[in-house]
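In the order they appear, the protein sequences are chains A and B.
So in our numbering, spot 171 of the first sequence is number 170, and the numbers just go up one at a time.
So in our numbering, spot 140 of the second sequence is number 139, and the numbers just go up one at a time.
Mixed in with the good hints there might be a few duds.
Straight-line distance between alpha carbons at most 25 Å, and here's what the computed SDA-like set of lysine to any residue pairs gives [claimed, not checked]: (1) B/K245 with A/P305; (2) B/K88 with A/H89; (3) A/K269 with B/D209; (4) A/K248 with B/K268; (5) A/K88 with B/F85; (6) B/K161 with A/L300; (7) A/K295 with B/D209; (8) B/K161 with A/A328; (9) A/K161 with B/P294; (10) B/K269 with A/E298; (11) B/K161 with B/R98; (12) A/K88 with B/R154.
Note that these hints are calculated values from the structure, not bench results.
Number of protein chains: 2
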Amino acid sequence: MNDTFLKVLRGEQTSYTPIWIMRQAGRYLPEYRQVREGVDFLTLCKTPELAAKVTFQPVDILGVDAAILFSDILIPVEAMGMKLAFSEKHGPSLAEPIRSRSLVERLSVPDPEDDLPFVLETVKILKAGLKVPLIGFAGAPFTLATYMIEGGGSRNFLNTKKMMYQNHGLFGGLMTKITDTVTAYLRAQIRAGADAVQLFDTWAGVLSPDDYRAYALPYVKQIIKELKGEGAPIIYFVNGCAGLLKEIKASGAVAIGVDWRIDIGEAAKKLGKRFVVQGNLDPCALMMSPADFRPKVREILEKAKPAKGHIFNLGHGILPEIPVDNAKALVDIVHELSGKGGRVS
Amino acid sequence: MNDTFLKVLRGEQTSYTPIWIMRQAGRYLPEYRQVREGVDFLTLCKTPELAAKVTFQPVDILGVDAAILFSDILIPVEAMGMKLAFSEKHGPSLAEPIRSRSLVERLSVPDPEDDLPFVLETVKILKAGLKVPLIGFAGAPFTLATYMIEGGGSRNFLNTKKMMYQNHGLFGGLMTKITDTVTAYLRAQIRAGADAVQLFDTWAGVLSPDDYRAYALPYVKQIIKELKGEGAPIIYFVNGCAGLLKEIKASGAVAIGVDWRIDIGEAAKKLGKRFVVQGNLDPCALMMSPADFRPKVREILEKAKPAKGHIFNLGHGILPEIPVDNAKALVDIVHELSGKGGRVS
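Here chain A stands alone, though its shape is the one from the complex (with noise of 0.2 Å):
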């Protein structure tokens, strides 16, 4: 078992910087492709078979030192009542967006074991076949709520953001409910197995930090103080962090998940010697060839020295674009520039 990944989360000496890639199982693979051209992408999801098969390439075709459950943030948005579809133009759709006081109220929490037992069925497994520890997640609540609100992606977030203005008790309602739904089946997805677990706040950089510190930090906060007592240490990924690390720091995670608009020393300079950093290189810096980028990979290792530990990834998802090589080469680039050498893990 190499356990490097958990090491640093726990903040203890390693002898090289592990990393792992968010969206490292996906469209760049055409391993990943195979399976995609059998199957639609949540059928996928929901195929623990399929769902594990996807997960273990990455760790084997590129050597990184954690896997993340295949899965989407919407799984549980699902679960919870909305019908969900994905298009490959459009991306993600919930249909009946929420925005009244009885879409809310239908919505239920779900309970793991009964509406999402292919995820935790993906996790064992996992956790039966990995030679690497196993990171479940989940989206942050403020996160969900916008697909909830707006029915998909959005652009300016107008609609949640008029909820979370105008009706305050309605927002409050439908993060609460997000908020029980995430706690119960990231609990589960530990339970399960999950070694570590992610919080993705995709779009909480839209928040001004005043908004931030008061729509979508709480439940973050809450979330993580819940999920302590189960033992896995808890990574809180923020994309457009760079205004808000102050508050983040308030949200008890253990690692911040940093995207690359900010520099990783910055970052850590700001968030402190309490926290592990992981990030945080440019997805679209993969295009160069290695030589091109190695000098970027090695300006981030030194720059995240000063934090309580790093863990390499990119800034956001990587690209269905990008070369396989240069995916591979990024995780040998890592290892040898942060003092793997000839070990074996």
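For chain A, the structure is supplied; the task is to place chain B on it using the hints.
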């Protein structure tokens, strides 16, 4: 003449905080929509009497302290030789995206007097009628390059970054032509009568600080340096600036426009006492009632006090969905809370 806006830019004391609003001439105004009923967007930009008419509208209706020339950042790009179109649904598109040497070579550096006379004519009409200062503007080179390379808006700016990373010579050649275009264009606006100019770097926030320093900032510095002698103060607005402020300090601008995803007090602190700050209420906050957004306005005014000066604005353009009365109330609240009281400007 109400020159409060210019006084702040010159570092002088004023009796209240001036305000203007990005996209203040726009679809949220019924009077603007009425003009647009008879004419498409590009024709409006190119018809001086009409462009001037919609520029005057928000000054009369809202009582803002500055007017901004009605135009689009892609107007000079069209004059460089690209075919520009606007669709209500998909926004701007540029035919034959610039991805090869031959296409870069084919681009010209327009002479504003010959190739963009309608803009200068609009400026002259405005200067003759305005009782507030006139702001000219242009897109910053990186932002214009993204449209030219992607052929329109983008999600990940992969083509832009691909050229930037893989073909320094080609990217540099394109950026130099854009920089020369923007410099001449802003100089002509100033000489025609613009009292100040704003450079809009709408997409620079998708770059890591290192990449911003290497691929975007040098061209901004060059423009600002070349325009120093013209005597018009320059405001540099970077959307998504939170992680880039250290770099932005080197731009040479007297005022920095700040989006809403950072605390304006933190931004002012990072920029230091040499800079006027402009911003930064979340455009969506104007969905609230004036009584509800009033405390947010007060907080921004308080937090911006340590800066050399403060020009109130939204953190990005006003949205078409905003009630006009709320925009009016914003102007009144800023004036009242910052001490304008009964004074008539």
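(request) Check each numbered hint from earlier against the structure, then list the numbers of those it violates in ascending order. (result) The structure breaks none of the hints.
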